[in-house]
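Participant: Spelled out from the first residue to the last, the chains are:
There are 2 protein chains.
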Amino acid sequence: MSSAFHTRLAKIATEMETVLAQVLPEPAGPQKRVMEAMGYAALGGGKRLRPFLLIETARMMGYESPGVWQTAAALECVHVYSLIHDDLPCMDDDDLRRGRPTVHKAYDEALAVLAGDALLTLAFEILAQETVHPDAKIRLKLISDLAASSGTHGMIGGQVIDIYAGQNEQDEALITQLQALKTGALMHYAVIAGGRLAGASEGDLRNLGTFADALGLAFQIRDDILDVEGDSAAMGKRTGKDSGLGKATFVSIHGLAGAKTKAKELGITAKNALKPYGHKADILNASVDFVLNRQK
Amino acid sequence: MSSAFHTRLAKIATEMETVLAQVLPEPAGPQKRVMEAMGYAALGGGKRLRPFLLIETARMMGYESPGVWQTAAALECVHVYSLIHDDLPCMDDDDLRRGRPTVHKAYDEALAVLAGDALLTLAFEILAQETVHPDAKIRLKLISDLAASSGTHGMIGGQVIDIYAGQNEQDEALITQLQALKTGALMHYAVIAGGRLAGASEGDLRNLGTFADALGLAFQIRDDILDVEGDSAAMGKRTGKDSGLGKATFVSIHGLAGAKTKAKELGITAKNALKPYGHKADILNASVDFVLNRQK
Numbered sequence: 005m006s007s008a009f010h011t012r013l014a015k016i017a018t019e020m021e022t023v024l025a026q027v028l029p030e031p032a033g034p035q036k037r038v039m040e041a042m043g044y045a046a047l048g049g050g051k052r053l054r055p056f057l058l059i060e061t062a063r064m065m066g067y068e069s070p071g072v073w074q075t076a077a078a079l080e081c082v083h084v085y086s087l088i089h090d091d092l093p094c095m096d097d098d099d100l101r102r103g104r105p106t107v108h109k110a111y112d113e114a115l116a117v118l119a120g121d122a123l124l125t126l127a128f129e130i131l132a133q134e135t136v137h138p139d140a141k142i143r144l145k146l147i148s149d150l151a152a153s154s155g156t157h158g159m160i161g162g163q164v165i166d167i168y169a170g171q172n173e174q175d176e177a178l179i180t181q182l183q184a185l186k187t188g189a190l191m192h193y194a195v196i197a198g199g200r201l202a203g204a205s206e207g208d209l210r211n212l213g214t215f216a217d218a219l220g221l222a223f224q225i226r227d228d229i230l231d232v233e234g235d236s237a238a239m240g241k242r243t244g245k246d247s248g249l250g251k252a253t254f255v256s257i258h259g260l261a262g263a264k265t266k267a268k269e270l271g272i273t274a275k276n277a278l279k280p281y282g283h284k285a286d287i288l289n290a291s292v293d294f295v296l297n298r299q300k
Numbered sequence: 005m006s007s008a009f010h011t012r013l014a015k016i017a018t019e020m021e022t023v024l025a026q027v028l029p030e031p032a033g034p035q036k037r038v039m040e041a042m043g044y045a046a047l048g049g050g051k052r053l054r055p056f057l058l059i060e061t062a063r064m065m066g067y068e069s070p071g072v073w074q075t076a077a078a079l080e081c082v083h084v085y086s087l088i089h090d091d092l093p094c095m096d097d098d099d100l101r102r103g104r105p106t107v108h109k110a111y112d113e114a115l116a117v118l119a120g121d122a123l124l125t126l127a128f129e130i131l132a133q134e135t136v137h138p139d140a141k142i143r144l145k146l147i148s149d150l151a152a153s154s155g156t157h158g159m160i161g162g163q164v165i166d167i168y169a170g171q172n173e174q175d176e177a178l179i180t181q182l183q184a185l186k187t188g189a190l191m192h193y194a195v196i197a198g199g200r201l202a203g204a205s206e207g208d209l210r211n212l213g214t215f216a217d218a219l220g221l222a223f224q225i226r227d228d229i230l231d232v233e234g235d236s237a238a239m240g241k242r243t244g245k246d247s248g249l250g251k252a253t254f255v256s257i258h259g260l261a262g263a264k265t266k267a268k269e270l271g272i273t274a275k276n277a278l279k280p281y282g283h284k285a286d287i288l289n290a291s292v293d294f295v296l297n298r299q300k
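For the record, the sequence lines run as chains A and B. The first sequence begins at 5 in the working numbering and counts up one residue at a time. The second sequence begins at 5 in the working numbering and counts up one residue at a time.
Please note: incorrect hints may appear among the correct ones.
All copies of an identical chain are treated as equivalent in the list; a pair is satisfied when it fits inside any one copy or across any two copies.
Claimed, not checked - With a straight-line Cα cutoff of 27 angstroms, these simulated DSS-like cross-link-like pairs (lysine-lysine) come out:
id	residue 1	residue 2
1	Lys279	Lys251
2	Lys36	Lys300
3	Lys251	Lys15
4	Lys109	Lys264
5	Lys145	Lys251
6	Lys284	Lys251
7	Lys141	Lys300
8	Lys36	Lys145
9	Lys275	Lys109
10	Lys51	Lys266
11	Lys109	Lys279
12	Lys36	Lys141
No lab work stands behind these hints, which were simulated from the structure alone.
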């Protein structure tokens, strides 16, 4: 993994924070608490992996513009909204995220629901702006793709499967579908949106989709591996969450060694899809190594 | 109030049900419960006043097309999502809506949150479709207007004020702002969207906006009047909800007679704004009488 990669990842995360602060509503008026809650959730740091993938894909395809960053901000708003709602007591009931109280703990449940709703709404408001891309049809495609990726046939669908159908069923097809929807759909969107902004051809979009899907699944398998391997490691860290619940994971199905092999294979698939782009793909190729080797 | 009006209102409500059934996802796959919950909420009948205003405004401006109905369906998806989330235990905690269990009672809280999220997402997916209007810029305007009307400077903002700042403050400016955002913003959107689809001029859009804002406020004042007058009437009906909570309403500020006068004045303002359209405005003018005289 190149240090160029880590520099770029950190730089994008820092700049993303600035762009997000610009697109979020300034807390004002008698409704300002919901705007504060949106900022609390969205400006809390993080790797910003989805914006990174979007921006670096556009760059690989030769396109840079402030509109790329706005699209990435819209995508991150959807990601943050999903975390706020997933953390609610009626869903995963989590009190902490990245070491800070979750939104319903720092504020209250009503504000957590509303701040999530508002971030989702804001994402579409951002994408409709002319500054995102001069071509109105590309903006509309970014909007319909984002809605599809985050709706019942995308992220929300994955969350529903996770809650109702994913428990205790050691079914690889189902867990692959669950992950493809719950976390894969937005990573797929990140890469495809980067391509669309750059005016990528249908052939390029196919390559990018193959890359994104392999990367997204490898990301989830690594999550499952960390969930188990973390057990005997770093004390006090909350791991074994899914395995402890008896939930099906790639590790429970394939074993630890099998899951690692599968992740490696997916990494090769992801990199192969980027072969046509030669050295321009160096940063995205490094992101594959990053996903496969990450420790948290 | 003409019987032509009632016929038209009922006809639109019936046809709207068909259009909504078409745009909602077919329940299928391991995530089908959320699709069922969306249908349960969205296909439960109702006056469909917002779709009616949108469709009749477009018609008054000389425009009819299946895209008008799709836009109305997107707007209704946003309205229904807001009802599902408002009914949640952490918000208004209502068990019944239109005599049926609310979504979190018929399903559960997690599905109510997710079904609401999915309806909001679907609204933007619908509006991005080419069948809504051939002009991509009009579709983008419909999207950004809908996001603005339903976000922190629109409907969500009004809900936040209602929860946190609206209680026990007998402040007419605040309650007017609350209602302009919470219920007024989507009614404003309905009328303006009808105008935009029809390619209305800036001058026409100003007239339509004046009509919509006066109608929306009259609608809310009538709600407050019914909340009080209903007390001694129809037995078993849940009225006196807001007045019983000591919440500020137009009646608590102006008294019953004062509120009725104010509603009548707003009705005149609404009708005056439609004078330039002569008899073409008959149905929308009748909707003003309907709002002022409704008994539920």
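Participant: Against each hint, give a clear statement of whether it holds in the structure.
Facilitator: Each hint tested on the structure:
Taking the shortest Cα distances, Lys279 and Lys251 never come within 27 angstroms of each other, neither inside one copy (36 angstroms) nor across copies (65 angstroms). In the homo-oligomer, the alpha carbons of Lys36 and Lys300 never lie at most 27 angstroms apart, since the shortest distance is 34 angstroms inside one protomer and 33 angstroms across protomers. Taking identical chains as interchangeable, the C-alpha atoms of Lys251 and Lys15 are never at most 27 angstroms apart, the minima being 36 angstroms within one chain and 50 angstroms between chains. For the identical chains of this complex, Lys109 and Lys264 are neighbours neither inside a copy (36 angstroms) nor across copies (43 angstroms), given an alpha-carbon limit of 27 angstroms.
Within a single copy, Lys145 and Lys251 get their C-alpha atoms no closer than 36 angstroms, and across copies no closer than 45 angstroms, so neither meets the 27 angstroms cut-off. Taking CA atoms no more than 27 angstroms apart as the test, Lys284 paired with Lys251 passes in neither setting, with 40 angstroms inside one copy and 62 angstroms between copies. Proximity of Lys141 to Lys300 under the C-alpha cut-off of 27 angstroms is found in neither arrangement, the shortest distances being 39 angstroms within a copy and 44 angstroms between copies. Only between protomers do Lys36 and Lys145 lie at most 27 angstroms apart by alpha-carbon distance; the minimum there is 26 angstroms, versus 32 angstroms within a single protomer.
With identical chains, the CA atoms of Lys275 and Lys109 are never at most 27 angstroms apart, being 41 angstroms at best within one copy and 48 angstroms at best between copies. Taking the closest pair of Cα atoms, Lys51 and Lys266 come within 27 angstroms of each other only inside a single copy of the chain (24 angstroms); across copies the shortest separation is 54 angstroms, beyond that limit. Proximity of Lys109 to Lys279 under the C-alpha cut-off of 27 angstroms is found in neither arrangement, the shortest distances being 46 angstroms within a copy and 53 angstroms between copies. Taking CA atoms no more than 27 angstroms apart as the test, Lys36 paired with Lys141 passes in neither setting, with 34 angstroms inside one copy and 31 angstroms between copies.
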